[in-house]
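Visitor: Using the sequences and the accompanying hints, generate a full structural model.
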Amino acid sequence: MECYHFTEFPWPHLPPEDQYTSMRVNLPSRVYDPRIGADLYNMYLDQHMVADELGLHCMVNEHHQTATCLNPAAPLSLAILARQTKKARLCILGNPAANLLDPIRCAEEMAMIDNISYGRLECGFVRGVPYELFASNANPTETSERLWESVELIIKAWTSHDGPFNYEGKWLHKRQVNVWPRPYQQPYPRVWMTGGSDLDHATRAVQAGFTFAMFLTPADKLAEMFNGVRDNCRKARLPAPADDQFAFMPLVFTGETEEEARKGIEQVFWYVTHNKAEAQFRAPPGYVQTHLYANFLTGKFSGGRTDAIRRQGMEYFRDNHVAIYGTPDQVYEQIASLYRRSGGFGHFIAMQHSGSMDFRTTVKSMTLFAKEVMPRLKDLGTKSDGFGPLAERAKGKKVAAGAKARPAAQAAE
Amino acid sequence: MVALQEAKIEVERRGRGKPLLLLQGEDAYEATLPLLDTLAKRYEVIMPWPPGFGRSTLPESVRNIDDVSYIYLDLLDKYDLKNVTVLGFSLGGWIAAEMATKSCTRLSRLVLVDALGVKFGGKFDRDIEDIYFHGFDKVKALKFSDPARDPRVLTELSDTEALSVARHREVTAKLCWQPYFHNPSLKYRLGRIDVPTLVIWGANDGFVKPAYGRAYARRIRGARFNTIPKAGHLPHVEQPEAFLRALQGFLR
Numbered sequence: 001m002e003c004y005h006f007t008e009f010p011w012p013h014l015p016p017e018d019q020y021t022s023m024r025v026n027l028p029s030r031v032y033d034p035r036i037g038a039d040l041y042n043m044y045l046d047q048h049m050v051a052d053e054l055g056l057h058c059m060v061n062e063h064h065q066t067a068t069c070l071n072p073a074a075p076l077s078l079a080i081l082a083r084q085t086k087k088a089r090l091c092i093l094g095n096p097a098a099n100l101l102d103p104i105r106c107a108e109e110m111a112m113i114d115n116i117s118y119g120r121l122e123c124g125f126v127r128g129v130p131y132e133l134f135a136s137n138a139n140p141t142e143t144s145e146r147l148w149e150s151v152e153l154i155i156k157a158w159t160s161h162d163g164p165f166n167y168e169g170k171w172l173h174k175r176q177v178n179v180w181p182r183p184y185q186q187p188y189p190r191v192w193m194t195g196g197s198d199l200d201h202a203t204r205a206v207q208a209g210f211t212f213a214m215f216l217t218p219a220d221k222l223a224e225m226f227n228g229v230r231d232n233c234r235k236a237r238l239p240a241p242a243d244d245q246f247a248f249m250p251l252v253f254t255g256e257t258e259e260e261a262r263k264g265i266e267q268v269f270w271y272v273t274h275n276k277a278e279a280q281f282r283a284p285p286g287y288v289q290t291h292l293y294a295n296f297l298t299g300k301f302s303g304g305r306t307d308a309i310r311r312q313g314m315e316y317f318r319d320n321h322v323a324i325y326g327t328p329d330q331v332y333e334q335i336a337s338l339y340r341r342s343g344g345f346g347h348f349i350a351m352q353h354s355g356s357m358d359f360r361t362t363v364k365s366m367t368l369f370a371k372e373v374m375p376r377l378k379d380l381g382t383k384s385d386g387f388g389p390l391a392e393r394a395k396g397k398k399v400a401a402g403a404k405a406r407p408a409a410q411a412a413e
Numbered sequence: 414m415v416a417l418q419e420a421k422i423e424v425e426r427r428g429r430g431k432p433l434l435l436l437q438g439e440d441a442y443e444a445t446l447p448l449l450d451t452l453a454k455r456y457e458v459i460m461p462w463p464p465g466f467g468r469s470t471l472p473e474s475v476r477n478i479d480d481v482s483y484i485y486l487d488l489l490d491k492y493d494l495k496n497v498t499v500l501g502f503s504l505g506g507w508i509a510a511e512m513a514t515k516s517c518t519r520l521s522r523l524v525l526v527d528a529l530g531v532k533f534g535g536k537f538d539r540d541i542e543d544i545y546f547h548g549f550d551k552v553k554a555l556k557f558s559d560p561a562r563d564p565r566v567l568t569e570l571s572d573t574e575a576l577s578v579a580r581h582r583e584v585t586a587k588l589c590w591q592p593y594f595h596n597p598s599l600k601y602r603l604g605r606i607d608v609p610t611l612v613i614w615g616a617n618d619g620f621v622k623p624a625y626g627r628a629y630a631r632r633i634r635g636a637r638f639n640t641i642p643k644a645g646h647l648p649h650v651e652q653p654e655a656f657l658r659a660l661q662g663f664l665r
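Order-wise, the sequence lines are chains L and D.
If you're matching positions, the first sequence starts at 1 in our numbering and goes up one per residue.
If you're matching positions, the second sequence starts at 414 in our numbering and goes up one per residue.
Worth flagging that the hints you see were computed from the coordinates, not collected in a lab.
Built from N, CA and C at the ideal position, the CB exists for glycine as well.
Among these hints, one or two may not hold up.
Unchecked claim - Incomplete in silico selection of chain L near chain D, CB under 8 Å:
id : residue
1  : Asn139
2  : Thr327
3  : Pro328
To be verified - DMTMM-like mimics (lysine to aspartate or glutamate), calculated; alpha carbons at most 25 Å apart, straight line:
id : chain 1 : residue 1 : chain 2 : residue 2
4  : L       : Lys170    : D       : Asp607
5  : D       : Lys587    : L       : Asp102
6  : D       : Lys587    : L       : Glu142
7  : D       : Lys551    : L       : Glu278
8  : L       : Lys371    : L       : Asp244
9  : L       : Lys276    : L       : Glu109
10 : L       : Lys174    : D       : Asp607
11 : D       : Lys551    : L       : Glu17
12 : L       : Lys395    : L       : Asp231
13 : D       : Lys515    : D       : Glu654
14 : L       : Lys383    : L       : Glu315
15 : L       : Lys276    : D       : Asp550
16 : D       : Lys587    : L       : Asp379
17 : L       : Lys300    : D       : Asp550
18 : L       : Lys276    : L       : Asp33
19 : L       : Lys87     : L       : Asp379
Guide: Spelled out as structure tokens, the structure:
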């Protein structure tokens, strides 16, 4: 199991909640004070420096026009970490490939980061949450398809080394694609994608050889998705994807005592409780499936995963492993339990900071996790023995028989 | 259902008389309005459902309103209609304008009602209010002079109705998201329209303001401009009698 540290670079100094209608899309930037913000940026980057020293990997993401995330250009923060960290894998989750006007620029940025970091890039591409469509102006009815078109072009650009090629897709038109530099990792860095409840999308990602990541998903739903993907691979007579093609991110706080952990996780919980948004920002037409949008129109569906889970109590969060917290023993037990319940995953992304949680508290939790929990997770999860689309890996190999070998899982039990 | 290019288009035909092509707005209120029966007493009303609306299909080949306008021109050819009055509401008005700029050969008159499709203002001007940015109540207030006159109450829709409204909104977003409810070329083509044209506007339209309607009319040679008081974006819904008077005064 590979473990990552994550903070969403929040802006925690908000006006009283009744004085704004939404943290996203329309919150005026006068709410942001650069004299405080500059310190925050450096503090958040410092967290990742600590993660690197502790043997954790780093994950960064990006959002736009929002106080929830001061990282509207994740490649910039990742570029800083590429130079300043030494060992950590650098995961971006991800580049908003569906909304990018020029995915080739993204291919170039990622290739640079991969070179500067000597091949430590884990390259995620995301469709983006619905709020992003107001910032990007991307058409909500097309983002699913556009994501795949962008990623197809980026991978082709990374793997073409004989001069320019032509690409005239549905949205993207480039007549002379010839990306410099080529990535450090060959043939190209591991690609990640995120997803919600769309099993076809998740299956497509894993079958393309990508790592499929889910965030803040209750254990049963996680199991439904991860097992659903594995079932689909079996039905397609493809090799069984290893655990390292699956990733999960819960909220995490590790304390010396249960009481300390409970207080800590409540600070990380800011991410869930501070998500006020106007309803229509969550559901532009065409972003969700038609029947869900119909329910949204009639008021039967409020939209938003965090909105749905917010209504549940902290106990629900813990029981379903959306929030993992406690002493190192308890945190380990919860991860091992989640590993069993979910069908298995190989990347554990720990959201260990949110809101106004201070540096000292964050680092203490990170350190306990890295020193007391992480070593026990080391052998958990199977690793891929190939690269690229599963269909290509299958060539010359025996097709998956069904049951996958999971010695590490039994060890966890 | 009529096969046109790659699409199958659902077409309703009612009444007898000179042909009147009625092009619905993006909210598709028109199909259930008494207006349709009133018009059918004097005209043969031909009402297509746009690609993706009703039972009409939305093939990959239809990517914008320009594409839709060619499908409807093909419809006129297919039925061999002559001296057609085209009456377009909102998005349907945009389609009507697109058709008329391409060919007026089969047209006799054009009526645009709170029509979309053009951008007159500068880069920083919001000619057409962003309905996707606002909540449903605000959008209703923008579109109606008196929101209580909106016959559609979203929370009271049956599942089937809600699904249909949802589908129509998705198709509208797909075709009109960017450029936002306009074709940058259309403004420069409006001078090609050479049939008598009436532009009708709700005096209190907050989605596209009457000044926008006046600019639309100025771009079309000889076009008349008529506002309907106490009406918003859908004057035929809010003030059906005043609307009909304005329409019949022009068509007589």
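Visitor: Which of the listed hints are not met by the structure?
Guide: 2, 3, 4, 9, 10, 13, 14 and 16
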